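Going line by line, the protein sequences match chains C and B. Heads up, the first sequence is in our numbering, so the first residue is 1 and it goes up one at a time. Heads up, the second sequence is in our numbering, so the first residue is 1 and it goes up one at a time.
I should point out that these hints are in silico values taken from the structure, not numbers from a laboratory. The structure displayed is predicted, hence computed values, not measured ones. Misleading hints may appear alongside valid ones.
Below are the EDC-like pairs computed for lysine to aspartate or glutamate, each with C-alpha atoms no more than 16 Å apart in a straight line [to be verified]:
1. B/688 <-> B/359
2. B/688 <-> C/352
3. C/688 <-> B/685
4. C/315 <-> C/266
5. C/119 <-> C/468
6. B/609 <-> B/583
Number of protein chains: 2
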Amino acid sequence: MIPWYFWLVPLAAIFVLYMATKFFRMMKAEPAGTDRMIEIAAYVRKGAIAYLKQQYGVVAVVFVLISIFLWLLAYKFHLQNEWLPFAFWTAGICSGLAGFIGMQTATQASSRAAFAASKSLNHGLRIAFRSGAVVGLAVVGLALLDYSFWFLVLNFFEKDMPFPNDRMIVITGTMLTFAIGASLQALFARVGGGIFTKAADVGADLVGKIEKGIPEDDPRNPATIADNVGDNVGDVAGMGADLYESYSGAILAAAALGATAFARHDNSLQMKAILAPILMGAMGAILSIVGILVVKTKEEATSRALLKSLGNGVKLSGLCILLAALFVLAILGMPNIWGIWGALAVGLISGEVIGKTSEYYTSQAYTPTRCVARQSQTGPATVIIGGIGLGMISTAVPVLAVVVGTLLAFSLAQGFGGEKDILMGLYGVSIAAVGMLSTLGITMATDAYGPIADNAGGNAEMSGLDAEVRKRTDALDALGNTTAATGKGLAIGSAALTALALLASYISAIKGTMVSVGDEFVVVNGNNIPVTALTLNDIIDYYQIHLLNPKVLMGLFVGAMLSFLFCGLSINAVGRAAAKMVEEVRRQFREIVGIMDNTAVPDYAQCVKISTFAAQCEMLMPSAIAIISPIIVGVLLGVSGVVGLMGGALSSGFVLAIFMANSGGSWDNAKKYIEEGAMGGKGSDAHKAAVIGDTVGDPFKDTAGPSLNILIKLMSIVSLVVVGITVKFS
Amino acid sequence: MIPWYFWLVPLAAIFVLYMATKFFRMMKAEPAGTDRMIEIAAYVRKGAIAYLKQQYGVVAVVFVLISIFLWLLAYKFHLQNEWLPFAFWTAGICSGLAGFIGMQTATQASSRAAFAASKSLNHGLRIAFRSGAVVGLAVVGLALLDYSFWFLVLNFFEKDMPFPNDRMIVITGTMLTFAIGASLQALFARVGGGIFTKAADVGADLVGKIEKGIPEDDPRNPATIADNVGDNVGDVAGMGADLYESYSGAILAAAALGATAFARHDNSLQMKAILAPILMGAMGAILSIVGILVVKTKEEATSRALLKSLGNGVKLSGLCILLAALFVLAILGMPNIWGIWGALAVGLISGEVIGKTSEYYTSQAYTPTRCVARQSQTGPATVIIGGIGLGMISTAVPVLAVVVGTLLAFSLAQGFGGEKDILMGLYGVSIAAVGMLSTLGITMATDAYGPIADNAGGNAEMSGLDAEVRKRTDALDALGNTTAATGKGLAIGSAALTALALLASYISAIKGTMVSVGDEFVVVNGNNIPVTALTLNDIIDYYQIHLLNPKVLMGLFVGAMLSFLFCGLSINAVGRAAAKMVEEVRRQFREIVGIMDNTAVPDYAQCVKISTFAAQCEMLMPSAIAIISPIIVGVLLGVSGVVGLMGGALSSGFVLAIFMANSGGSWDNAKKYIEEGAMGGKGSDAHKAAVIGDTVGDPFKDTAGPSLNILIKLMSIVSLVVVGITVKFS
């Protein structure tokens, strides 16, 4: 039943995880620095672990509640698969584990990277990059392992289907719903982590830098440890969970669409269509390691040359993946091999275009961000107007890249099924999403080293290392901004493609649901059709999923509104949490005598606690929106309303996410550009204006913006999970 | 052929225009103030007229170019009605005329209102309000006159149709395309006026207030006249054209849908369905006058009581309109009378909810804006984060009001046609849009007095009147902020409803186009159907206008992106234009010796010229997007892509517009709240932070935000006009 080539997937997963531990051990073998450095790192690690413990506790409660709901849905109302209440836990746990591993690695790496940077820039970079690779490989490896496990379990237990093709549709469809665990975990990690890190950051800056006039990362600042913890829980653990979710969503959606699109074909062909995206993902994971190992740096290279070398590693991995994918497809003997391969290539290239666009708009090496920096000369208002204008304009190219990519992938894959086969085309789109994320192992390595370098800088500052060391870690951190923008671009670009595939899966799932709620015949276009014989077009007609149906249009409105509401709530949450942090930091300076002259140690743990508590409280409300709204809309507006909701959240959320990420990135780098000496440099009025822009951008780019891609997919998957309620009660 | 009750419309129009001239003459009869006041007012008037001249010149060139395009479309390719190349001029001219009348009135009224305010607050308010009424009535009267004219012309000339019902579909459909003139004019007026006013405002403030430390509206500031001109061209002429467009769009779309929805019914019933919305509009115009006349104020009333009195006038008008509409429908003997009346009432109430929500989020009397004001204590960054969060959250209620309103209006009206009659339901939605705008005559009067009061304040300041007078005009101006938010809410709310109706008109127009491009039979769901027998659902099926068609989805993406791109371009335009203004003002202070000690007069005209020129250059690019994108999308993605485009621009644009209007309004009033003494009052650090928030909000609420509703409709109408190209070439 299980074809031999399936076993390549768990093998690849184990190999990838083995490599991750190897890189981890290599990093651990490096010297951990002076006693003071080890002490500082321990503070940060303790804070981060305390946060994650708290976070996972809250998430566990939410998971238990949702388990109960899913249990009722499955066992009481028979509207969902009976594995779901348990299976979504493994996805959640793997995603959480990826975040935890990332955070463990990052907090171990920071003092080592700082110590290595005291030898040379390259030493520091290598440690940070190798540690980043641990995160990337853990994400990819755990995801592949989780699917392999459930694929085997479901194949073993789900046997009572008359036709093997229907069976595979049920198995892949069920596996797709499991992704709700990963999405939920990711949303909490991104929103909670985003609130934590920005509350600590803003709080530390407003009191420490502005009121007390002490430098960034000064150990006298009570919020400085919280700030460094924030980098780990937001930018490492949050990003790890986020990309785990993106990767899972893309591959599982492609598998589910493969099953549906090839349902009318031979069973062994259907199996190939299902496993092809998973195999290509596994291949990508292994070839990412090739890229990681190939990256070599000359001892005297400049930091820009290093960045280029990283970029070459990614490009090499991408090229290898393209070749290997062709090989995989040929071995499988897939039909329309060039079409499917083309879709994969289109995805990879669109991802590259989105990443390059982010770089163009957010890097101080190009005109747009320099223009924002120039506007700081006329004050904070013009900087902010300029950054918002830039962010809005920057949405054009990524949207067009996704539009062109989708249409190309759709037509290339459709070639096989005949012109009207929508599912075959959408299978191509989902393959494009897999292609976009296929280099994840290495792109995430280049991403994750940013926050590690940032923390290394904090460690160097607090341990009183040479100013030269701090300068080197700052240089590494600045490069990290560019690679982080690329990572966010991939996450949101792949979200757009994956969400399209989820939309298709949703409509496909309706048929199965109609059968299970007891519908036997429905009238479509005047004909009485048995439910089991309904085509995709029949379902579209029956539920009037067209744009003149006011329910669809109203769903669009609500979806668009929800992405704004979600952003507004999480932005305000950062504001509120930051205000609490400001109060606490002021209190400590006032009440703990001797902080400023180094005779007393501030209470770092209290600041971590406040940020942790605020993040936990504030993350619930925006997350609740994502979970509850598809249920409410489903009951009130029915299937057509839900489809509209998904379309509205997808289109608006996608554009909004790019806008927020690029505005925020641009303000950050405009500030850095001025700090490098432009417009009067550090301390000038222009710099002060740019700092204000950067502070406004913080919740844009690190809280609301990167959560939107998860929101879009979580809403889609929740819709998919509750499709039974929607069909039955509306 | 023409039923007797039609004649009520031009009669009402003439009566309304007569009343407008009466109010104008009443205002003119008031004393114009001291010589200095007359001199200042003349400067402003000259500047405003110079701007409008220039603006209309540019618009005329664009109109000529579009005429040529439309002429080719109609006469060369036979893809549009032959009246269109000429008829769209009258709409454009009427809309421009409404703006011109508004501006003439406002510039005449400012010195009179200032002079009257030196007697009492109420005197000032009465002049400002009556002058505002001139604008409101001119808009409504001219619009009704324009439709009456074309209804008669088309009825007289378009006779060669075999069936009277088809004939009315052609006539109303043609009239709807004429609205492109009004939409174009409005977009230019809003974008151009918005850029002008904000460039002048920001320029005057940055150099005058901040660099030179002279107060607002000081005659020594070279940009002060330009700033006052800006209020007239942006907030009066721009708003006049905007609401002319909204009013036209709503009524013409309702008439066109009436013709299509009732096509299968008796011809006289169809005629009633067409004329009912126009008649209700005419009734609303007359009853607005009742409201205007009833507003009476006690001599010693507080400004808040005056606002309440204005609100009562609007409510009275609304109630009268509801009663009168029922009467009209009964006289006409419309079927489903309660359903149609209910749709009208739903529209009126939704409009009220949207207005109240804007008031709640933007007025300093309520918690949200006070919260933003409080955030100014921690600096500009937190004010801006707070305002953005507030604006995003504030989108929820208006969207839900429109969603509930649409679904209610849809179901109420659908009652008559049977459950599946989409067109009948959409007719109800378009009636709701008419209902929302039915009190326009009076709501616009309450709107337009804001900028008049603002100008009166400028005049008082520059003529050296008592500080007491300035305080009174400031009080009037502050009230105006609230009423302006209501006006913007109505414009965007009605745009959402009207755009739905336009979507339906678009799909209806496809059938006619298919006939004219020579299609005879098409295959729908496997059946060969003659084009003339196609139903709405057939067309939806044939062009696959459903949400799984990737072309529809990609259209959604592009539509959502275009609304962001449009905002980004216009926000950046303000930034660039303001920078030019800053340079010029600095130059004058440097080169013209004696400005500061009042021995030399600054060159006001040069500043007006710079703002004018910048506005003209910068308004072309965003406007071009609205015109060209539906054509490109139509050719590349076909009918389904265009429908997606309309849906995407509508949903995202609607939410984005509310966000920008409310964020901007809230920052403005948070500043005012602090100036009233909160958080340390004028001159405190909190005040400085709030001023920065207000400056960021300026292009939000006065340039990009209010243009979005026009963008949405213009894109829809352009799509409708070029439907022939889309059907033929895609």
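Hint-by-hint comparison with the structure:
no., hint, verdict
1, B/688 <-> B/359, "24 Å, violated"
2, B/688 <-> C/352, "43 Å, violated"
3, C/688 <-> B/685, "15 Å, holds"
4, C/315 <-> C/266, "37 Å, violated"
5, C/119 <-> C/468, "10 Å, holds"
6, B/609 <-> B/583, "14 Å, holds"
Hints 1, 2 and 4, counting from the list given before, are not met by this structure.
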